[in-house]
Each structure stands twice: as C-alpha cells, then as structure tokens.
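J.: Each chain is listed here by its residues.
2 protein chains.
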Amino acid sequence: MKIVIDAMGSDAAPGVEVSGAVQAIEELGYDLVLVGDEAQIKTELKKYKDYSDKITIIHAPERIEMHEPAAISVRRKRHSSIVLALELLKKEEADGFVSAGNTGAVVCAAVLSLRLLPGVERPGIAIVYPTLTGASVLIDVGANIDPKPLHMLQYGIMADAYARYILHRPKPSVGLLNVGEEESKGTEFIKEAHILLSESKLNFVGNIEGREIFAGNVDIVLCDGFVGNVILKVSESIVDTLFKALKQEIKSNIVATLGAALASSAFTALKKKMDYSEYGGAPLLGVDGRCIISHGSSNPKAIKNAIKVAAEFKTQDVNKHIVEELESY
Amino acid sequence: MKIVIDAMGSDAAPGVEVSGAVQAIEELGYDLVLVGDEAQIKTELKKYKDYSDKITIIHAPERIEMHEPAAISVRRKRHSSIVLALELLKKEEADGFVSAGNTGAVVCAAVLSLRLLPGVERPGIAIVYPTLTGASVLIDVGANIDPKPLHMLQYGIMADAYARYILHRPKPSVGLLNVGEEESKGTEFIKEAHILLSESKLNFVGNIEGREIFAGNVDIVLCDGFVGNVILKVSESIVDTLFKALKQEIKSNIVATLGAALASSAFTALKKKMDYSEYGGAPLLGVDGRCIISHGSSNPKAIKNAIKVAAEFKTQDVNKHIVEELESY
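Keeping their order, the protein sequence lines are chains A and B.
Quick note: the first sequence uses our numbering, first residue 1, plus one each step.
Quick note: the second sequence uses our numbering, first residue 1, plus one each step.
Careful, some of the hints might be misleading.
If chains are identical, the list can't say which one is meant, so a pair holds when it fits in one copy or spans any two.
Unchecked claim - When the alpha-carbon atoms are kept at most 25 Å apart in a straight line, the in silico DSS-like pairs for lysine-lysine are as follows: (1) K244 / K271; (2) K46 / K271; (3) K54 / K90; (4) K49 / K244; (5) K185 / K148; (6) K320 / K2; (7) K191 / K148.
If you are wondering where the hints come from, they were derived from the structure by calculation, not from laboratory data.
With the rest of the complex left out, here is chain A (with noise of 0.2 Å):
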C-alpha cells in the first residue's frame, strides 16, 4: 500500500503531515510519499527515527494556499503540492491521497488530473461525522454548490457504496435533508431529487429535518454543497462556541473550576466521541482516484487516520461498487 501525502495543505505544515505520516508507518505499515518543500519535510523528519525506506519526498516548490481561487491557483501553480500528488496517483505510483490544503484545489486538480469515474456527472465531498448512534455519512458539503436532481441521487449510490465498504453497514439508510418530512415540502429542485431517489434502489427513509442529522437518524444525508458547507461549518462552530461559553462561565467561579476539574473525564470521553480526527477525513468521491480531504486544522492522529482511509478506500475497491451501481442505473 503506498499513500500519497501533500505534506504542505494544513495550517501547521508540514509538521502536521511528516508527524502523521510517521504514525501512518508505526501503526499501519504503508509506504508514504510526501509532497512538499523537500528542506521542510527533511527537518521534520529528523524529529523521529529513520524511514527513509519507508519514505519517498518529492519536492514541490509551490504551494496552493488556503484561500487561493481554487481554478486559478490549480492551473497557475503546475509545481504545487497537490498538483504534483495528484499526477502520481494519475500515473498509479500511489494508491490514495490524502490533503489537508485548500479543498476547492483539491476538488479542481482531482477533476483536471484523475477525470471522474464512467457514468458519474460531478464529484462530491462527503464527510463522516459523530452522531449520538455511531457514525453517519453527509454528502455534498461543498464540491457542487449548485447541483442538478440526478447529482443527489448519484451521491446517494456513491454515499451508500462508501458507507457499505467503509462503514461496513448492510444496508444504509439515505435521507434527503428538507425543510419538512412531507414530500410536498421543498423546493423543485428538492422535489425532483425525492422522486429520483424513491425510484432507485437505495433505502431511501424520505425527507429529513436539520435537526435528524446529529440524532443519527440516517446513515446517509444527502443535500446541496452550499447547504452542506453552512451545514458543516455551523456546527463547528457551535461546538465551538458552546466549550468557549462555558469555560467563560466555569472560570468565573472557584467551585466551577472545582467542579469542572472533577467532571474533566467525562469532558474527554464526550470530546473523544465527537473528536472529527477520528474519521480522519472527507472522501472526495466521483474521481477516479482515491482522494481523502482533511480538515485545515487536522492533528497529527487525523492525518494518520485519512491515510487509513485512503488505504481502506483502495482495499475495499469502493469505486469498482460505485461505478457498477450507476451502470445497473
């Protein structure tokens, strides 16, 4: 198994990447290339013990950041990080690839350099999220912002394919986030996809509220790229919010800070639960490749388990599932 690293794509590049990718190779046993300022990487790596054998740099003298326009930049900076990545899995020196930078690029170059998989309209970023019942899957949050009905019915058959693969659930269940369960609720464009989706073969449960995402009410929620990048960043944002709030609110009592300091392991599990870096990162899926896309801010444990992903990706042939899916359409 060899995954394939843009080791200059989070905020704390490439310590981020070099930490987590030597974790990968501990835990997993993968081969690992990294993509990247090459003096950078180098100085990372001399932080813990040798793998070079299990190891390749490739040096890349651009890089594509965060709030660079993702066309512009992918196009421009032939000698990024991402671009020159994405080539080798293009060519099949890699197996998987995994980034933590500006995820429209990523969306972009996979596009340009891998093509999408036959039978597939547009690609979709699905993420894998906490739920109070395990994990669930919710596709699109950003890739296609303005999608057609039969873009949400295909990111049903790839949602459902990773969650059978990958989440090893029998038979996902798929819900279409509306703003009412009634059928007659929603826009046309809403309206349309429901009836798509009641026509297919997946175990579409039917419309479903915001408030069902978190209960984990579905394994798969399917909704627009505009509504599911809101949807994404709200919530951590409340999450956010909410922990700050508190702490504001426990620091300003001494019997708080007691208590807060005796409940800590309670405050850990929970945060161990919800932690995102867990699920590692979010499937780009549609591309003939095997992309994972994590967070900006990823840790060292979610850049180690995206390479996880991306190699389960791989063994699982998920995209052999999805691309015989959409031909039996």
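Dock chain B against the given chain A, drawing on the hints supplied.
T.: Just chain B now, kept in the frame of chain A:
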C-alpha cells in the same frame, strides 16, 4: 397595548400560553386576548389570580395542528385560533399577535389576512439568537425557501429596521451567508444578491461563512429560507445532542457526577445565555401587522417575552420604518 395570543399553538397549549399571558399581565400590564378553546382556557385561568379585567377570551372551535399543510388548513379552518386571532389584528382590534403554532399556517394566514406592507415582495421570518457577543438576527428561517435576489435585499432592509428599533443597534452590520468570503464565491443567486446589497444603503459587510454566525461577527445574517431553516434545526439539535451526550458521560462516572454538581452554576448561567426563550420569538417581517412566531416547545417565559416583543414592535413602529426605507429605493 392589546396583544392577541393564539392560545392553541404550542405543544403544551393552552397551559403554556395562559401562564405566559398571566406573566405578561403581571409584569407588563397589557390587555390580552386569548383565542382558542374557551373551556380549556378558562380551566387554565382558574390556576391564577382573577385577571378577567385584563383578559378577553375569544372562542375558536378549530385548531390547526403542527403538521397540517399550511395553505390548505388555513383555507379550510376559518374558525381556527390562528385565523380568528389574525382577523382581530386585521380589524385593528389588537396591536400585535403571538403564536407558537404551525409556522407555515401563521405565515400563510398572516399574508392572506393582513397582506404585505407596501413595497414588500415576500415576507421573511427573522430569529433573534444568542452569540458570544450578544444577540444577532438571522433572516429568513423558512417563510420563503426559493427567494429571488431582490427578496434578500428586502430582508436586509427589514431586518435592519428591526435591529435598529428593537435591538437598538445604531448601524447594524449585515452579512450574506455564503460558502466563502470572496465576492466570486457562491451560486448565481448569491452573487446577484451580493451586488444588490453592495449597492444598497445598508451597512453591508459582504459574504460571511457559516462559522461566523454564532461568533456574532455581524448583527444581521441573510440567507434563503431553506438554508435558514436547516441552520435553525441543526443548531438546536447540536446543542441538545451535546448536552445529552455530556450527561451520559457524567452519569457513568461518580467523580464526574460530583464535579458536574459543583459546576452546575456555570451550566445554568450558560443555559440562560443561550436561552431562546429570552428572545421570545421570531418576528414575521413584511406583513402589514405585528406577528411574533414562537417555538412549539415554548415555555411561559418565552410566550411572555414574545408578547413583550410584539408590543415593542408596535411602540417602535418598525413597520413604518420598513415602508419608508423601501420607498427610498
């Protein structure tokens, strides 16, 4: 000041409405009209001091349930509490209206009965919500799930008047919810709305992302009713899920249980800060009348605060300011 209340709206109607009404009389001294099942309302009223000089009851033999389709139920149930209450408003026999019932039915009945303010194309539901830095306004949370760019400008203008006169912000900042901050981001709809807002007299600060909503970076957040509805429901469910999960963790550990008990003052203070009931309800902006829509699970305090907001809506003559502002375009 006379406020009319749909006594049959909330999940715990009419008990919650009657209790909230009594609180409003005791704290604010308004005259109130309770519309609903007369016998049930009278039974509830017996629990309190005699306020028959301040309360009028209007019997409504019908009730629109939470999950009835809005337009059909409003047309069929002409003797429902929502429809009868709004007739009082229409005849100017009351200054404002509060309902914790079927939101769609309230919007539909209000538009049919009160009509829109001159110049307004579509009504919008605004919610006032707690952030780290105080309260902000989010509009629209579900009145109009497929708006045009012009509607977004009008939502901005209406929420601006509301924030100035009810929240007392001298020059409210307005952000357009998008998937990125750059002007080039978003759907065609969002880009067109961005142009209209940029050319307006509003204190428009540009696009904002989902993560900024609860940080309180702007006074007013604009989004379409589909996105707003999802945000509202997702936010409520995350807060719920987090507290539930934390409770589970705390329960499973005796030391943590003790700690949580000691820290409870901090939890209580936070809950109060994050408490929607402090803000009473969501104003329906754009109709020629003053309607406050409260949550179906409102407590008496939320009803009382909604009554207070309906009264301020009248005192501050927000609708006059909205019409004047719209005329100036």
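J.: With reference to the structure, classify each hint as holding or not holding.
T.: Each hint, compared with the structure:
no. : hint        : result
1   : K244 / K271 : both (14 Å within a copy, 13 Å between copies)
2   : K46 / K271  : neither (31 Å within a copy, 48 Å between copies)
3   : K54 / K90   : within (21 Å within a copy, 77 Å between copies)
4   : K49 / K244  : neither (38 Å within a copy, 43 Å between copies)
5   : K185 / K148 : both (17 Å within a copy, 19 Å between copies)
6   : K320 / K2   : within (19 Å within a copy, 67 Å between copies)
7   : K191 / K148 : both (11 Å within a copy, 19 Å between copies)
Taken one by one, the earlier hints fail for this structure at numbers 2 and 4, listed in ascending order.
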